[in-house]
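Student: Sequence:
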Amino acid sequence: MAAAPEIQSEGLTKLPFPPVTKQHILNCSFHSWHQRYRAITPKARLIPLSQPFLNYLRADGIVLPPDDNDRTEWSDSDSGIFSSTDNASETEDDRDDDPSTEWPDIHQAVRTTIEELGGKVVPKLNWSAPKDATWIAATNSMECRTPNDIYLLLKSSDFVTHDLEHAFDDCEEDSNAEDSKDTGQHKLSTGDIPYHLVLRKHVTLNPSVEFRCFVRRRKLIALCQRDLNHFDFLFKMQDKLRDKIQTFFDLRLRDTFSDENFTFDVYVPPPHDRVWLVDINPWAQRTDPLLFSWLELLTLPGPYTETASDERTISIPFTQRHETEPTSPSLTSHTPAPVEPDHASSLDSSDDMEDVFIPEFRLVRRDDPEAYGFSTPQYSAHKLPRDVVDASRAGEGSLREFATQWKEVLAKTRQEDAEDSAEE
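In case it helps, the UniProt record's numbering puts the sequence shown at residues 1 to 424.
These are computed hints drawn from the structure, not numbers from a lab. Each hint should be verified, as a subset may be incorrect.
[As the list claims (entries may be wrong)] Mimicking BS3-like on lysine-lysine, the simulated pairs with C-alpha atoms at most 27 Å apart in a straight line are:
1) K22 with K236
2) K244 with K201
3) K201 with K14
4) K43 with K201
Predicted model, so just to flag it, every value in this text is computed and none were measured.
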């Protein structure tokens with residue numbers, strides 16, 4: 001089988017991505033694909049977001065609604081550090097600042113969904129989870145038990161801001177959209193995005209068995225760990241995991257997802273016999289290639305024939321069968337007669353012989369720098385100064401002091417703005 005011609009990487013000044021369209025970005029939005037793959041994804045609920053709530057997320061500052069049912073006692077598990085219920089001497093003026101009066105239906109839906117999912121959830125927007133903002137949570141995680149826990153993470157996250165403001169950055173219009181210029185049809189913009197708050201039931205995931213998979217021209221060409229730590233046991237299971245993920249892709253995603261190029265994340269928990277779809281990401285530079293580079297992924301040889309119509313991939317189990325192991329009856333009934341020795345060589349040299357393509361599967365080895373934390377800390381570019389981070393981790397006293405100082409800064413800023421407006 002002839003391979004597709006490789007792209008020469010020497011002399012490239014720009015990564016050879018195919019055009020990233022706005023429709024491709026929308027196709028990778030959680031709300032676009034969740035209903036189709038609901039049976040193979042962890043339990044989640046979607047809450048459509050109104051314009052007032054989006055305005056709240058975009059607004060400067062962190063002001064959380066008062067909530068009598070939120071945790072009002074300070075503890076190690078309390079992450080509602082900006083809630084107006086922190087102070088028992090709360091005034092009526094504070095209650096007048098309740099931002100949820102602009103979106104009461106969403107506030108109630110969030111509360112109800114938390115209860116339906118067992119009291120603990122993990123939030124995200126259409127594409128991104130606020131993983132870069134966990135520093136502000138006392139649990140240092142994305143576990144949320146109250147609406148204010150969720151709002152605090154969303155408003156503190158650069159990833160969420162990117163979803164809101166830059167979802168279509170570096171995108172091209174679809175060919176259909178270009179053709180619609182003469183017909184006066186509307187082009188996609190960020191205002192057309194149906195934003196949703198995704199709340200997933202909180203479960204403790206084992207990061208060692210989370211994997212990112214890369215699909216090019218509807219072929220699984222590569223996969224790797226998501227967690228950049230060394231796990232020795234993965235090497236013994238590498239073939240089994242690759243086989244499970246390849247089969248999952250062939251049966252569930254290859255012919256059903258809207259685009260031919262994309263990435264997806266999976267979770268394969270013990271006993272490692274079932275694969276769960278966690279997320280789908282764009283085939284674009286904004287998606288982290290982790291143990292690969294995008295240049296590698298764009299130029300890796302793939303299982304292609306000369307014509308697209310003849311493309312085929314053969315998937316076989318990667319676990320070897322012992323000679324003493326009995327053969328399955330179903331396999332026996334379909335096993336062709338042995339090839340005579342004098343014909344074997346001619347078959348091996350035949351142009352019709354089908355090659356078996358095995359996706360490259362990268363794991364973090366013991367001597368890799370990533371395994372010892374020599375690389376830049378994850379999400380470090382999105383974190384606040386150390387004094388702010390330390391305050392969020394130092395316990396009840398520091399959290400209370402931090403919250404008080406923050407409120408004082410906000411109050412002073414508002415007063416100065418009011419004075420400036422009065423002078424004008």
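Student: Look at each hint and say if it fits the structure.
Tutor: Structure-based check of all given hints:
A C-alpha spacing of about 41 Å is found between K22 and K236, which places the hinted pair above 27 Å, so the restraint is violated. Between K244 and K201, the direct Cα distance comes to roughly 25 Å. Compliance with the 27 Å bound is thereby established for this hinted pair. A distance of roughly 41 Å separates the Cα atoms of K201 and K14; the hinted pair therefore is violated under the 27 Å criterion. For the proposed pair K43 and K201, the alpha carbon gap of about 6 Å is at most 27 Å, so the pair holds.
In terms of the numbered hints stated before, the structure departs from hints 1 and 3, listed from lowest to highest.
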